[in-house]
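For reference, the chains in residue letters:
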Amino acid sequence: MLALVVAHLVVAALLPLVSRRSRRAAFGAAAVLPAATLVWGLANLGVALGPGLSETHVWASALDLEFGFRLDALGVVMIVLVGGLGALILAYSAWYFGRDSRDAPRNAALLLAFAGAMLGLVLADDLLTLYLFWELTSIASFLLVGQGGLHRANRRAAVQALLVTVMGGLAMLLGIVIVGETAGTYRISALVAAPPAGGLAATGIVLVLVGALTKSAQFPFHPWLPGAMAAPTPVSAYLHAASMVKAGVVLVGRLSPAFADRGYWWLPIAVLGLVTMLVGGWRALHETDLKRLLAFGTVSQLGFLMVLFGSGDRIGEIAALTMLLAHGLFKAPLFMVVGIVDKVTGTREVGALSGLGRRLPGLAVAATLAAASMAGIPLLLGFLGKEAAFEAFVHDGNWTLAIGLLVGSTLTVAYSARFLWGAFATKPGVEQTEPTPAAPGLLAPTWIAALSGLVLGCVPPLVDALAQDYAAVYRAADAVEADYHLALWHGLSLPLLFSAVALLVGFGLHAQRARVTALHERLHHPLSAQRGYERTIGGIERFAVWVTGRVQAGSLPVYLAVLLLTVLVLPGIALVTGGTLPATVPAFGSLMQLPLGLVIVASAFALTRVRRRFTAVLLVGAIGYSIGGLFVVDGGPDLALAQFLVETLTMVAFVFVLRRLPAHFESDPRPRRGIELRKAVLAGVAGTFVAVAGVVLSGARQAPPAVSAEFVARSPEAGADNVIAAILVDFRALDTVGEITVLLIAAAGTASLVLATRFDRRDRAGGGSPEAEEEMLR
Amino acid sequence: MTATPEKIPFEQWDAPEGEWTLPGRCPVRTNRTLLLEAATRFLFPTVLVFSVYLLIVGHYAPGGGFSGGLTAGLAFVLRYIAGGGSEGAEIGSRLRLRPPTLMGTGLLLAMVSAFAPVAFGQPVLTSAKVSFLGVEVVSSLLLDVGVYLLIIGVVLDLLRSLGSGIERDAADAADAGDAEGAAP
Chain P
1 MLALVVAHLV VAALLPLVSR RSRRAAFGAA AVLPAATLVW GLANLGVALG
51 PGLSETHVWA SALDLEFGFR LDALGVVMIV LVGGLGALIL AYSAWYFGRD
101 SRDAPRNAAL LLAFAGAMLG LVLADDLLTL YLFWELTSIA SFLLVGQGGL
151 HRANRRAAVQ ALLVTVMGGL AMLLGIVIVG ETAGTYRISA LVAAPPAGGL
201 AATGIVLVLV GALTKSAQFP FHPWLPGAMA APTPVSAYLH AASMVKAGVV
251 LVGRLSPAFA DRGYWWLPIA VLGLVTMLVG GWRALHETDL KRLLAFGTVS
301 QLGFLMVLFG SGDRIGEIAA LTMLLAHGLF KAPLFMVVGI VDKVTGTREV
351 GALSGLGRRL PGLAVAATLA AASMAGIPLL LGFLGKEAAF EAFVHDGNWT
401 LAIGLLVGST LTVAYSARFL WGAFATKPGV EQTEPTPAAP GLLAPTWIAA
451 LSGLVLGCVP PLVDALAQDY AAVYRAADAV EADYHLALWH GLSLPLLFSA
501 VALLVGFGLH AQRARVTALH ERLHHPLSAQ RGYERTIGGI ERFAVWVTGR
551 VQAGSLPVYL AVLLLTVLVL PGIALVTGGT LPATVPAFGS LMQLPLGLVI
601 VASAFALTRV RRRFTAVLLV GAIGYSIGGL FVVDGGPDLA LAQFLVETLT
651 MVAFVFVLRR LPAHFESDPR PRRGIELRKA VLAGVAGTFV AVAGVVLSGA
701 RQAPPAVSAE FVARSPEAGA DNVIAAILVD FRALDTVGEI TVLLIAAAGT
751 ASLVLATRFD RRDRAGGGSP EAEEEMLR
Chain S
1 MTATPEKIPF EQWDAPEGEW TLPGRCPVRT NRTLLLEAAT RFLFPTVLVF
51 SVYLLIVGHY APGGGFSGGL TAGLAFVLRY IAGGGSEGAE IGSRLRLRPP
101 TLMGTGLLLA MVSAFAPVAF GQPVLTSAKV SFLGVEVVSS LLLDVGVYLL
151 IIGVVLDLLR SLGSGIERDA ADAADAGDAE GAAP
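Protein sequences appear in the order of chains P and S. Take the first sequence: its position 266, counted from the start at 1, is 266 in the UniProt record's numbering, and no numbers get skipped. Take the second sequence: its position 148, counted from the start at 1, is 148 in the UniProt record's numbering, and no numbers get skipped.
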């Protein structure tokens, strides 16, 4: 399984080579792997439904880190969404993006990389593995929503999506560590078998839940999802309908067997899920942009899924798995329909489209199939899921949730109808839309996805087998629960009545849409989640400005004083309480130390007297080179070499910067004795402290540590005669990798600071062009 | 120090006689030091070769990726000081390697060398000896090469931001009021 995930990422990295020749071929090549994943998943269906297919790769045994994967029923369903729909959407993208579109190569590679990360996420059986892929999908989403970064709307939406999901992700990482440490394992299957208990574990679980809620756009975190509609439509269809937003729901589904009976798990899920379902459904009724309408529909359905997966009820979980599959299979084709409508007419505004159903009957039928599944009309997969969902809560007598879901389903029916009406109906007073012909390459994937919902809906046992296997871990409360199977006909029952009511009232709401919208506009909206997000971000920015204003006084002497005082207070106390002077302090180790030391002392004294900055830099350099000389004398040629090189580079950097500064240190016209004295005392004390500390610390070591001898003994084993090299690239290679990473971040940060201020100045001068922006971004 | 006929006041003993570095955009004839330019012509490739030697010899003697990378970086610094360069990209010779690309490549190489053992069922960062054309090479050399490239990238980035970046700023300040500004 790891090989499959890595293959996605590697092919994605190589994809630019293909897209250089042909954009369309790149999407075609990208679609191969997700399709292969689907075939692989279905070929392993037997194992997945039986014991499950497990795979472990230990990659850092010293730290107990491993990649753990497991294929089970939930995994197979998600593979259908990630692999199957992924292949269809990539094929669709080949015709969606223009032949010479400059965005196409980036999107092809990113979509495939995302598919790989998502595959890893749904197959992960190890919480840390899951977290890794979780964040990778967030980053892929950021890049895909942001696109080239040329439009403000894209940038805003991308940043919002990233901030919300990564904030949740960080909370989740904290939670994962707490849960993993209290349970003693990071394996999801082992956690479910023996769930940790206690207050600490509860905190961890709630933190994990925060991650799941943000990723699946639950109230009050949901506004990022409609905002993410700034992405191209295939991206929205794949990431923000079919796969990525399901991650939170899937995580809840994976952990529910362990925690579903705990109040801090099911209560927030049920409440927030239901609120999300209602808020999303209500907002969808008033959207005039077809894509945003679908986005709010997705928010609503995610709330529905959240309630079902968190229920911990056997029938509820059967419904959850069915709805998970159904939602992917109806929402992805609906987005593809919007993409086609947008492409052939140039608009996706409800008010601008009219008579499209008559001009594009084939497309209208496909859209109707998908929307009917969303509304829960019999013979379609959505109906099976909704029926089971009603049964779950009606059977338990949980009327709050049952009625809540009924209201939510009614809204779903209403916005499904609104979608079809908005896209295809002939509206009086609106000019007939004249579409250009749609490419077969766009229509075929849409049809395949829409038809699969019908086929699976007409043959319930197919999905039932998966759902039964997934729900098998939940104990059936009675015979009815134990015997529940997905079926088109359960007899005349309350759930069927619920479905009928939802359909009738839903269509009624749609018929009265003018009044409903008028009501929506009359209502006051004191609380808006989007405004809440903006206020939070604004508040953080103001706070940052406030802190910076307080802490960054802009005076170098103040910064230095703070640093020196800290050095004096913290290690100083330790030195005074714990340090002992060594018995004998030799005057010098070798004769060569004397002249070198003399140069250092002389340079240091001279430094305090010079008035020209350049001279000061040269004197600092002299001190540095002399220290390098001391290293040579003491037999550390590696250290000396590095010291000389770094010293040289530092001096060059100093000289570069000095060009911007006055040649002389400013001399105060009215020297204030008190301040000068205080500076001198502080500097003198700090210097003395460092000298004393050096002597005291040199006495603390009694014998060479055992590890040094080990390093020397084992360096030939590492293939190095030079023990320093062996330490750097072998024994402590992790440190080296960490250090160069820090170096890269620091260099990139410095460069962007220096170059960004330059960009700002240009912008104010009126020269801020897109080219200037591109220059900054590269 | 050359003897000057005029008497320099004591406070001015360390005043520079000329510019510290050459302005990159258009070196005025009188501001060029032919000696430095001519020396750089053959010092530059020599230092680069020496830096590669340091990189490889690191396993047996003082050297390694860090020292080698810094040495190569200093070769570029020397060239910049001698000839200047208006754009960061031009410093990296006509390959037009952008410093961030170089840094990224270095880190990528280091990461690949770190994770490659996982493909062979070994823990991460394991090193192995490989016989290559009769020469024993340790696989951790790849990590060192990554460090080498990354350090060169860092130095070039320094030249780009603090070197030519400040130069451009100075040029812009000089051109302030000019409608066109300094087009890159």
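What the hints contain is simulated information worked out from the structure, not anything from laboratory work. One or more of the hints may lead you astray.
Stated by the list, open to error - With a straight-line Cα cutoff of 16 Å, these simulated EDC-like cross-link-like pairs (lysine to aspartate or glutamate) come out:
#, chain 1, residue 1, chain 2, residue 2
1, P, K343, P, E434
2, S, K129, P, D289
3, P, K343, P, E287
4, S, K129, P, E434
To be verified - Per the computed footprint, the stretches of chain P lying under chain S, defined by three or more beta-carbons under 8 Å from a beta-carbon of chain S, are:
#, region
5, 600-614
6, 649-658
7, 745-752
Backbone N, C-alpha and C fix where the C-beta goes; we use that ideal spot for every residue, glycine too.
Status of the hints after comparison with the structure:
no., hint, in the structure
1, K343/P <-> E434/P, "12 Å, holds"
2, K129/S <-> D289/P, "62 Å, violated"
3, K343/P <-> E287/P, "20 Å, violated"
4, K129/S <-> E434/P, "69 Å, violated"
5, 600-614, "holds (count 4)"
6, 649-658, "holds (count 7)"
7, 745-752, "holds (count 4)"
Checked against the numbered hints given earlier, the structure breaks hints 2, 3 and 4 and satisfies all the rest.
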